[in-house]
Amino acid sequence: MYDFLKVEEKWQRLYSERRLFEVDLQNAQKPFYNLMMFPYPSASGLHIGNMYSFIGSDVYGRFMRLKGHDVFEPIGFDAFGIHSENYALRVDRHPAELTPESIEYFREMQLKRIGAIYDWRSEVITSSPEYYKWTQWIFVKLFKAGLANKKLSRVNWCPNCKTVLADEQVIDGRCERCDSQATRKETSQWFFEITRYAERLLKNLEKLDWTETTKSIQRSWIGKSSGAVIRFPLENGGPELEAFTTRPDTVYGVTYLVVAPEFEHAPALVIAEKKDEFKHFMQDVEKMDIATRTSIKREKRGMFTGSYAKHPLTGEKLQIWVADYVLAEYGTGAVMAVPAHDERDFDFALKYELPIKQVIACESAELPFTGYGKMINSGKHTERRSEDFIADVDKIHGSMSSSVTYHLHDWCVSRQRYWGPPIPIVYCDKCGTVPVPEEQLPVLLPETDDYVPDGSGKSPLARNEEFVHTECPECSGPAKRETDVNDNFLDSAWYFLRYVSPDNEASPFDDDLAKKWLPVDMYIGGNEHANLHLMYARFITMALHDTGYLHFEEPFKSFRGHGLIVNEGQKMSKSKDNMINPIRYFETHGVDCLRTYLMFMGSFLEGGDFRDSGMDAVKRFLNRVWEIANHPEGESSDSLKSKMAWAIDKVEYSVRNIKYNTGVAALMEFVNEALKEENIEKKLVLDLARLLSPFAPFIAEEIHALKGGTVTILDSGFPSGYEEYAKAVSVEIPVQINGKIRGKVSAERGIDQERLMELVSADEKLSGYLKDVRIRKVVFVKDKILNIVVS
RNA sequence: GCCGGGGUGGCGGAAUUGGCAGACGCUACGGACUUAAAAUCCGUUGGGACGAGGGUCUCGUGUGGGUUCAACUCCCAUCCCCGGCACCA
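Quick note, in my numbering, the first sequence goes up one by one and the last residue is 830.
Rather than coming from a laboratory, the hints here were simulated on the basis of the structure.
If you're wondering where the values come from, they're calculated on a predicted model, not measured in any experiment.
Just so you know, even glycine gets a beta-carbon here, dropped at the ideal spot from N, CA and C.
This list has only true hints and no planted wrong ones.
Below, in silico cross-link-like pairs of lysine-lysine (DSS-like), each with a Cα-Cα straight-line distance of 27 Å or less:
no., residue 1, residue 2
1, K610, K698
2, K554, K246
3, K254, K698
4, K326, K390
5, K246, K106
6, K336, K224
7, K313, K224
8, K326, K189
9, K396, K419
10, K224, K326
11, K689, K783
12, K519, K183
13, K746, K689
14, K783, K766
15, K313, K326
16, K497, K172
What follows is a set of in silico ranges between Cβ atoms, one per label pair, in the way DEER data are often shown:
no., residue 1, residue 2, range
17, D468, P278, 29 to 39 Å
18, K396, R129, 56 to 66 Å
19, S759, D131, 52 to 62 Å
20, K246, G212, 31 to 41 Å
Let's have the full structure, built from the sequences with the hints guiding it.
Written out as structure tokens, the structure reads:
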């Protein structure tokens with residue numbers, strides 16, 4: 040019986056003693072950068088989802104190494120940020136004290152045991168000053184490039200926690216931490232202008248070798264929509280009111296205009312007699328929480344401002360309304376209402392008895408009709424097609440021009456928290472907003488016990504007099520530091536760049552190494568980070584490219600988003616108490632078994648269903664592998680060698696296409712065959728171990744060593760040399776009569792149609808089908824199938 | 001509502017893209033070994049019909065149509081599940 044505990048411990052020790060996975064980054068001949076998503080060392084340990092992700096990525100890395108690449112597989116810790124900070128707050132520990140402990144546990148007790156080919160020399164910890172010095176450096180570079188700006192904005196606010204919340208911390212309109220209703224609050228925040236890159240971020244997706252789901256998530260997050268801006272002159276003069284629309288073809292159907300309550304010029308539009316009503320209206324809107332405000336079902340509310348605009352084409356007088364269904368942050372913050380052809384405008388018009396004018400041909404019962412069609416009641420454009428008008432929009436009238444908007448909004452990077460890299464900005468009365476010069480970085484996060492957010496909406500750092508007061512880098516006069524820290528997503532937006540030279544004190548990454556190793560060849564991780572992390576990493580890479588620091592603009596050539604694990608068909612959750620603890624299986628089944636089972640239980644990209652019975656099955660399988668390895672050496676049959684040829688192809692195909700389950704299945708088939716023979720050739724045993732090694736590295740190493748292999752199986756190459764056996768064996772060719780399988784004939788590979796037909800005639804059963812009929816057609820696919828059409 | 005992904009035995013899932021549907025594994029059942037159990041090994045395991053039997057026939061990949069010598073795979077329509085986006089103008 041295979042003693043997995045002993046063997047795994049032995050190889051874990053050898054792996055760390057011999058440093059087998061350290062890559063000579065300078066001199067590597069065939070660099071392959073295999074990246075996985077580094078973990079937050081925040082909770083009590085790695086969970087099964089982390090393991091699943093890391094192992095899936097490591098299988099790929101080990102495979103590429105077997106294939107002869109110099110595989111660079113680094114790991115680190117996303118140690119700053121709200122996850123780690125909230126965890127520290129919950130257990131009442133200082134994050135600066137707790138985080139290193141968590142990292143120690145992750146690294147020593149978990150990551151070093153799972154058999155991944157990590158190069159530990161490249162470890163990065165985002166909360167270390169050596170790392171965040173460069174996070175701050177990136178901030179400064181973006182600031183200097185005009186991509187970082189401080190502006191007033193309405194941000195998510197939790198009235199209970201009294202803190203600003205990131206979008207991703209608001210779930211169904213509620214605070215992620217305390218479940219109270221989130222509201223909006225206007226504060227001054229730092230933003231990265233990612234929206235300037237919206238088109239490139241969208242366009243580049245076409246060229247990227249990424250899983251389709253991941254690209255689709257990014258596309259909808261960017262949310263491009265094309266249309267036109269139409270300018271409506273105000274009756275009383277002043278600036279024109281601009282409205283974005285995707286349907287300029289319905290412009291003749293505009294019966295009123297609507298602006299958002301927060302629209303910059305809304306108060307100016309409200310006439311004197313309506314000021315009081317507007318004030319009350321605004322108060323009601325402010326009070327509304329986000330869930331209610333954005334609910335589709337909620338009845339729309341609005342009020343007439345008393346002002347009028349003029350229709351640019353017809354000269355008609357149009358009422359200007361304020362309504363809560365219009366959002367200031369999208370488009371121009373103003374909407375041209377076409378109730379006949381827009382559901383929201385239709386509802387609103389009915390409620391407030393505003394006119395409805397049909398301008399696209401349809402039955403009146405179909406209103407609101409939102410499809411394209413023939414334009415009617417549209418002046419000289421009557422009879423035109425919608426699509427035709429939209430394509431021509433720039434030529435129609437001076438008030439209309441084609442325009443594009445995106446749902447993507449600028450990235451709010453400031454956080455009023457403690458556990459993050461301080462934003463490297465100084466405010467000076469004389470010099471204004473001044474970035475901290477590069478040679479003064481990092482701006483160290485002060486060591487203090489006063490780090491708990493107080494609900495003032497300001498960072499705890501604002502209470503730290505020693506930190507706040509500084510001198511201006513330009514005029515040396517008294518100045519104050521920015522007290523917000525950076526969003527955690529900035530830490531992780533560039534970590535893969537740091538891995539190539541984590542100790543470099545002169546720059547965030549060594550240029551030569553970056554040229555040699557970047558961009559990342561393969562990135563495997565969960566789709567839960569498809570929006571934010573991947574988008575931000577792409578943006579930072581593009582920005583560093585444009586500022587001349589990187590030679591590429593897309594960080595990840597290939598990305599594969601994998602699925603989620605469920606437990607016995609049930610979603611895992613702490614409340615259901617059905618979380619799988621991976622460490623437990625290290626003792627009962629072994630790491631090899633867990634790795635192999637995780638890859639076998641389902642299709643990696645789709646996710647899988649974890650069952651203990653499956654773990655037992657894989658344990659049996661590994662025991663059988665061990666049994667074969669200990670069979671007497673002797674000659675093996677040609678058919679077993681041909682099975683090996685088949686298994687080699689299967690494993691290669693399955694790994695390259697991230698269909699690991701089918702690779703493991705192929706190995707099981709080979710093992711089932713091999714068990715039928717009493718002897719086995721040494722080469723077959725070694726090749727089996729090689730094929731198995733990406734999945735179950737420890738047993739594979741042990742078998743390799745047992746059969747006289749040296750150092751590590753990883754450098755022993757990918758199996759080959761069975762081509763002749765694959766060819767020599769005869770094939771079974773299914774024979775169809777009129778498309779139905781009626782039998783099979785055994786023939787040598789490559790047989791031609793004529794000879795095959797002779798075999799069919801000689802076959803008792805098949806020839807029966809050909810009696811008394813006329814053969815009308817014969818379809819033959821070499822070595823695959825024969826179909827005889829008869830009448 | 002829009003955009004992705006999917007729907008295959010009792011279950012997890014295969015089928016390298018139009019060429020033997022159900023690989024591999026689980027479960028269940030039967031058997032061997034055992035005083036017994038565990039472990040291990042062997043056999044059966046999509047539905048139906050026929051056959052003493054080796055087997056033979058037939059239906060079958062959410063549903064309804066279509067293309068093709070041949071369809072889980074392609075086309076049209078439709079239902080359901082999962083994920084993303086969403087008062088986005």
